[in-house]
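Chemist: Work out the full structure, taking the sequences as your base and the hints as a guide.
The lines below spell out each chain.
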Amino acid sequence: MNIENLPQMTRFEVDEQPHIIVNKEICRACDHHACVKACPANCYTYDEATQLLSVVYETCLECGTCHIICDKGSLEWNYPRGGYGVCYRLT
Amino acid sequence: MAKYFDVIIVGAGPAGSLAALKLARGGANVCLLERGKYPGAKNMFGGLLHNTPVLNEILPDFHERAPLERHVYRKSISFMTPRAAVALDFENETFDKPPFNGYTVFRPAFDMWLAEEAVKAGALLSCECTAEDLIKKDGRIAGVTVKGREGEIRGNIVIAADGVLSFLAKKAGLRQDFKAENMGVGIKLLLGFPEETINERFHLVRDQGADISFLGAMGDMRGGGFLYTNRESISIGLVTHLDSLKASGKAPYEVLNDFLEHPSVKKLVKGGTPLEYSAHLIPEGGYKAIPNLFTGGLMLAGDAAGLCYTNGLNLEGINLAMTSGALAGETAIDALKAGDYSAKILSSYKKKLDESFVMKDMKTFKNAAAMMHLERLFRTYPRILANIMERVYKTDGVPRSKLLRLARKEALKEAGLKGLISDGFKIGRSLL
Numbered sequence: 000m001n002i003e004n005l006p007q008m009t010r011f012e013v014d015e016q017p018h019i020i021v022n023k024e025i026c027r028a029c030d031h032h033a034c035v036k037a038c039p040a041n042c043y044t045y046d047e048a049t050q051l052l053s054v055v056y057e058t059c060l061e062c063g064t065c066h067i068i069c070d071k072g073s074l075e076w077n078y079p080r081g082g083y084g085v086c087y088r089l090t
Numbered sequence: 000m001a002k003y004f005d006v007i008i009v010g011a012g013p014a015g016s017l018a019a020l021k022l023a024r025g026g027a028n029v030c031l032l033e034r035g036k037y038p039g040a041k042n043m044f045g046g047l048l049h050n051t052p053v054l055n056e057i058l059p060d061f062h063e064r065a066p067l068e069r070h071v072y073r074k075s076i077s078f079m080t081p082r083a084a085v086a087l088d089f090e091n092e093t094f095d096k097p098p099f100n101g102y103t104v105f106r107p108a109f110d111m112w113l114a115e116e117a118v119k120a121g122a123l124l125s126c127e128c129t130a131e132d133l134i135k136k137d138g139r140i141a142g143v144t145v146k147g148r149e150g151e152i153r154g155n156i157v158i159a160a161d162g163v164l165s166f167l168a169k170k171a172g173l174r175q176d177f178k179a180e181n182m183g184v185g186i187k188l189l190l191g192f193p194e195e196t197i198n199e200r201f202h203l204v205r206d207q208g209a210d211i212s213f214l215g216a217m218g219d220m221r222g223g224g225f226l227y228t229n230r231e232s233i234s235i236g237l238v239t240h241l242d243s244l245k246a247s248g249k250a251p252y253e254v255l256n257d258f259l260e261h262p263s264v265k266k267l268v269k270g271g272t273p274l275e276y277s278a279h280l281i282p283e284g285g286y287k288a289i290p291n292l293f294t295g296g297l298m299l300a301g302d303a304a305g306l307c308y309t310n311g312l313n314l315e316g317i318n319l320a321m322t323s324g325a326l327a328g329e330t331a332i333d334a335l336k337a338g339d340y341s342a343k344i345l346s347s348y349k350k351k352l353d354e355s356f357v358m359k360d361m362k363t364f365k366n367a368a369a370m371m372h373l374e375r376l377f378r379t380y381p382r383i384l385a386n387i388m389e390r391v392y393k394t395d396g397v398p399r400s401k402l403l404r405l406a407r408k409e410a411l412k413e414a415g416l417k418g419l420i421s422d423g424f425k426i427g428r429s430l431l
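These protein sequences, in sequence, are chains V and Y. Quick note: the first sequence, position 36, residue 35 per numbering that gives the first Met the number 0, numbers continuous. Quick note: the second sequence, position 197, residue 196 per numbering that gives the first Met the number 0, numbers continuous.
Calculated directly from the structure, the hints in this document are not laboratory data. Incorrect hints may appear among the rest.
[Unchecked claim] Coverage of chain Y stretches by chain V, computed from C-beta distances (three or more under 8 Å per stretch; other residues unrestricted):
(1) 38-47
(2) 331-343
[To be verified] DSS-like mimics (lysine-lysine), calculated; alpha carbons at most 25 Å apart, straight line:
(3) V:K71 - V:K36
(4) Y:K350 - Y:K336
(5) Y:K343 - Y:K362
(6) Y:K178 - V:K36
(7) Y:K169 - Y:K349
(8) Y:K74 - V:K71
(9) Y:K350 - Y:K362
(10) Y:K266 - Y:K74
(11) V:K23 - Y:K249
(12) Y:K349 - V:K71
(13) Y:K249 - V:K36
(14) V:K71 - Y:K336
(15) Y:K136 - Y:K343
(16) Y:K287 - Y:K169
(17) Y:K178 - V:K71
(18) Y:K178 - V:K23
(19) Y:K401 - Y:K412
Keep in mind it's a predicted model, so treat the numbers as computed, not measured. We put the beta carbon where it would ideally sit given N, CA and C, even for glycine.
Modeler: Below, the structure written as structure tokens:
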């Protein structure tokens, strides 16, 4: 399975309002960036050159893994507004 | 939409919908809120709907009307090393006759069907409503606010069946922050196949289904794999504790891909068409991690109440969820009759749960959560088993040992005497 194909496999109703907001300052000082690897949907990227953590909330599966493993308090993590976000068809 | 209800239920999953159904039938004015586009849009599980007495009782003909895939006839557990697998396969004719012991289902289909049953009974289902906060009045919970919408929904009682992350339980002060070691993440890939291929590959006929769990083969992580057969697809995935996932530094889908390449798994999933990929958290803290289940005007049900357990052999949640939902519904009916929504009257919910199999099973396996944190359970013991089996069957001119001697030698070599005693104690306390 190629995680890059996630949008072709799973349906998302994308909201223009992000439901995850990262604090870039806190993330810059973070020593593990565990969210980058642990996210089952590969939503997080850390750019070593710019030292910026970014999140693609559009393909978030709303599992909450990042919300629990982030021990730096950097994430403002909420459910998307009603009707938006991941929309499982089968599973 | 009317803004005042007898009971507001947050989450149209199995717990919420069963609570709504029970209440609506009892004549209550019920509002069932769901944040997804439809019930089940946000829900995922491994794949097995366990036989649940309360579901049979409330909807006796559900097996004829609900969208079910296959009834589970074959149960297997496979102990995996990177190169070998030792499997225990259980087929039982009683699992092939009604009442079936469990069905594989698709959650969006099943949850939608169950919520519709509540609607038919008179509940008001309102989708695309994310409950954001609780409304407090006179020292008790008296409603919810909905994200991105004006106004509030008020009621006498709120049942929070808002899932594993239950932000409402947190806001009510019923639970602490989660610990990574008490939380599992499940990821799952749905692979499509022709029905005949599944029947041939898993030795099934008609509507028979297979449920296979895999212990080990997750690299350095504490975790296991699962496989369920649906009519024309296979659900395959893995579950691991979040602390272990974090420590491994691996991406879960990379571990899943390695698992799919395991020689004994590869042949089962060969040629499948990826249909959907999903992920969800699982409350795995067991009995000791159960939050407070009620306060004035509020009860927790299902995953929100932490009602889920695994002991390595059983992994149950949906049956506990539905039972807790029905009991919360019953309690709410009593409270409405009495016109009293205080913590004191809602405490009978906890009592009902304690008397049911839900809390009894959670209690019986209260030490299993700690056992499931034994690193050796996932790597060393499967390897010991595989080594023993290899020596039993390998014919290479090396003189044979009797079984006990062989087992002792392998176990001591891999785990050491101290390790064996300490693990034996923990495993014994959990299962024996």
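Chemist: Each of the hints needs a verdict: does it hold here or not?
Modeler: How the hints compare with the structure:
no. : hint            : in the structure
1   : 38-47           : holds (count 5)
2   : 331-343         : violated (count 0)
3   : V:K71 - V:K36   : holds (16 Å)
4   : Y:K350 - Y:K336 : holds (18 Å)
5   : Y:K343 - Y:K362 : holds (23 Å)
6   : Y:K178 - V:K36  : holds (19 Å)
7   : Y:K169 - Y:K349 : holds (18 Å)
8   : Y:K74 - V:K71   : violated (42 Å)
9   : Y:K350 - Y:K362 : holds (14 Å)
10  : Y:K266 - Y:K74  : holds (18 Å)
11  : V:K23 - Y:K249  : holds (23 Å)
12  : Y:K349 - V:K71  : violated (35 Å)
13  : Y:K249 - V:K36  : holds (6 Å)
14  : V:K71 - Y:K336  : violated (47 Å)
15  : Y:K136 - Y:K343 : holds (17 Å)
16  : Y:K287 - Y:K169 : holds (17 Å)
17  : Y:K178 - V:K71  : holds (14 Å)
18  : Y:K178 - V:K23  : holds (24 Å)
19  : Y:K401 - Y:K412 : holds (17 Å)
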